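Colleague: Listed here are the chains, written in short residue letters.
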Amino acid sequence: MKSTKDEIAFKMINALILIAVSLCTLLPFLHVVALSFSSDQYVISGRVGLMPRGFQVNAYLFAWKNTPILTAFRNTISVTAIGTLLAIVISSAVAYPLSLPSLWGRKPLLYFFVITMIFSGGLIPAFLLMMSLGLINNLWSLILPHLLNVFNMILIKNYFEGLPESVRESALIDGANNINILQKIILPMSKPILATIALFTAVEFWNSYFNAMLYLSDPKKVTLQLFLVNIVRQANLTDNITSEIIVPPDTVRAAAVVFGTAPILFFYPFLQKYFVKGITLGSVKG
Amino acid sequence: MRTHQRILLLAAVLLSFSLLAGCTQTTTPTSAPSTATTTTKPASTTTQTTQPVAKPELKYLGRDATFDLSNSPIIPVIEAATGYVVNYESLPTGADGEMKLMMLIASGTSYDIINVPATYFDRLLAVNAARPLDDMIDNAPYLKEAVPPESQSWVRVTGEDGKKYAVPQLHPVDRAVSTIAYRKDLLTAIGAEVPNTPDEFKQVLKQVQEMLPDMIPFTTNKGFAAPPIESGFDVYKDWVIVSGQLVPNQKRTEYKAYIAYMRALYQEKLIDQEFPANDNATRLRKFTSGNAFMTLFNNSEGPGFYSALASAVPDSEVDYIPFLKDSQGNRGAMATSGGLEKACVIPKLAEHPDDAMAWIDAFMANFKDIYIGPEGIDHKVENGKYLPIMPAFSVHDTVWWFMPAVIEADVFDWWQARVRKSAEVERGYMDTFAMRTPDVNVVTSFFIMYPPNAEFIKLRTALSQYWSDEMVKVVTGAVPFEKYEEIVAKWEADGGSRYIELANEMWKANS
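Going line by line, the protein sequences match chains P and B. Here the first sequence is numbered in our numbering, starting from 2 and rising by one per residue. Here the second sequence is numbered in our numbering, starting from 9 and rising by one per residue.
Calculated from the structure, these hints are not laboratory results. Please note that a few of the clues may not be correct.
[Said to hold, decoys possible] Far from chain B by the CB rule (all over 12 Å, computed), these chain P residues:
no., residue
1, 10
2, 111
3, 152
[Claimed, not checked] Lysine to aspartate or glutamate pairs mimicking EDC-like chemistry, simulated, CA-CA at most 16 Å apart:
no., chain 1, residue 1, chain 2, residue 2
4, B, 481, B, 282
5, B, 393, B, 434
6, B, 333, B, 207
7, P, 66, B, 142
8, B, 171, B, 142
9, B, 108, P, 219
10, P, 66, B, 76
[As the list claims (entries may be wrong)] Reference excerpt, derived from the structure (chain B facing chain P, CB under 8 Å, subset only):
no., residue
11, 75
12, 98
13, 99
14, 101
15, 292
16, 297
17, 312
18, 316
19, 319
Because the structure is a prediction, the values reported are computed rather than measured. For each residue, glycine too, the CB sits at the ideal point set by N, CA and C.
Let the hints inform the model, and build the full structure from the sequences given.
Modeller: Written out as structure tokens, the structure is:
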């Protein structure tokens, strides 16, 4: 169908706005990448734009050798991989019985879960709990508190509710129990929502800073975001009277930021469609 | 699911758990090889036998560290010198660090040594977490030799009961100052002279404005205080003694005159109009790109500064404004260093307090070798100057994080080996040191070595924030200059009067 003038105008304005917003987010990142590959003298005098000047990779070599970035990477990858896998397993296992109308006490149980979304025990009780569990300076302190995100669980539950009941009934007639049904029928049919929740969860684990700051002091347990926040903040301290903190130059800080962002950037284009679909997957019932 | 798929899934889960278990395993760091690095006297608590006595592992919490703490090359050197294996942990940077320290203390987490900035020590003392060390210090001969009993450093860590609650680490930089860097080539080009008074300084800025209209005459950042200008109004000290009483700058007419001067500079566009929004990097960028004639310059800003300017403006030359003379012809500056860099606390909950002090004493027994290494191998001395021998000296790069104290008699000289690692780092420090000519009275903050007083610290923090914000508003014209006295009155009403009263009480009690 031929577009009207109004539609063409709308599309053009839409495109212009989206391009402007995209540039607002893209250009600062390109600038940081350019900084990371530029010589200090150009960076300090502010002469680096979107392309590196005085090309060098020393900042990356310095970050590689003299900072705990590799340890941080390893820890963050471990936490993200294991945390995401376990989060999916636990969220699915909780969502499935809550999706069955025949579950006794279903509504009170749901309210119980929802209440935890609104209220929490607070910072100090959480810290004391981790201490009593022996999880201080333990990477499990980053994983366990986030294994069941109630919002994600509700999305999965809603998706399960949208699956045809007849499939489940026929499995029951064939003698399958609930675990078999979940494992062999429900989960294989729920790949879209599981992929989406896996992505949300992975990003959450990857970006986790506050719990890492609170529970981890051991340098062997440092995570990527903890390292990046420290290295960026150190340059901006106004009360930094320590004689010998050689503040990492802007180039090294830029290199560290690129190190930390590159993996997510690499995977994001392949998984982007799941983000877009996933937001609405659990909301509309068939 | 088929059997082989189940086996594969189980294997994947087990492998993941084993990976995580490997990451979370609290492995004991391997002990350093017991090769002696020095022939100095052994620490008083170590034995003379060839079989080392089993010593407990110590737990150490330090300030933020962006270097790779677990692989720092200085750790084996320290372990060989002290004979102790230490598990090091660090706090996060900034306000999160203080919050986490308090959380750890409140939760009863046990550390043998907590080595943190002096401001954190004040918090530890306020919550009664620090252990009194007087008896232990008496049995630490190398520590007493390094930090003599008469040193002012001990006063800084003394509680209200007269007991010492930490081992003080004196700032190793002797009276460093900030200054104003300027373009000497342009000063010559416009035919101006180096200013020596505030009027001459303003005259130079006006000449720059007329003859170099594209340049920012003087750039600084939100603090706007530039020591050379403060010298010109005799407001470089934070407290002065007038008729037997301590008086802060807020109550001095000289300071009002100084603010009026800065206000005039801003009104006449002789100072960067964006200075309240400038951070350090922005200020330096404006100067090193050739867009500013003068900039505030701190001694640690040498790295990259000179080469950046030379690269942007090849014929440029940098020099420094001398501390300006006040109406009496005197010059002075407030040092940016001084006081304590860190305070090393042995907490009340420490599991091995005696071993913690033994570690500190052993560290001080071998301090020189740990700090700058053996002469001829890691450092050399030429014409009385300490110079690093690279790359061996780089082993000592991160020792600042670990040291509990310094040998106060020698550290000012030894420290200079550390800045001579790089020509630009050295130039930044040495050039600013050279501005401390004999006629410049360099002082430190009045209460920098006084014992901590919780009420005084709290008032100082709140009042200084209020005062600096209001002075920026007055200088930029956001608040009319006529309101200056009202600001002073509000400062007094909000705690300033009590602050002055407390200051005088503390001064008289410690005189």
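Colleague: For a C-alpha distance cap of 16 Å, please report whether residue 481/B and residue 282/B respect it.
Modeller: 13 Å, holds
Colleague: Hey, does the residue 297/B contact hint survive, CB to chain P under 8 Å?
Modeller: 4 Å, holds
Colleague: Checking one constraint from the list: CA of residue 108/B to CA of residue 219/P, max 16 Å. Satisfied?
Modeller: This hinted pair holds, its Cα atoms lying about 13 Å apart.
Colleague: Over 12 Å to the closest beta carbon of chain B is the bar; see if residue 10/P clears it.
Modeller: 39 Å, holds
Colleague: Next item in the hint list is residue 101/B. Is there a CB on chain P closer than 8 Å to its CB?
Modeller: 4 Å, holds
Colleague: Report holds or violated for the interface hint on residue 99/B, using the least CB-CB distance to chain P and a cut-off of 8 Å.
Modeller: 7 Å, holds
Colleague: Does the CB of residue 319/B sit less than 8 Å away from some CB of chain P?
Modeller: Holds. Min distance 4 Å.
Colleague: Hey, residue 171/B versus residue 142/B, does the alpha-carbon distance stay inside 16 Å?
Modeller: 6 Å, holds
Colleague: Check the hint pairing residue 333/B with residue 207/B against an upper bound of 16 Å on the C-alpha distance.
Modeller: The given pair, whose Cα atoms are some 10 Å apart, holds under the 16 Å limit.
Colleague: Has the given pair, residue 66/P with residue 76/B, been kept, meaning a C-alpha gap of at most 16 Å?
Modeller: 8 Å, holds
Colleague: Grab the minimum C-beta distance from residue 292/B to chain P and call the hint holds if it beats 8 Å, violated otherwise.
Modeller: Holds, about 6 Å.
Colleague: Would the pair residue 66/P and residue 142/B pass a check requiring their Cα atoms to be no farther apart than 16 Å?
Modeller: The given pair, whose Cα atoms are some 42 Å apart, is violated under the 16 Å limit.
Violated hint: 7 only; the structure is consistent with all others.
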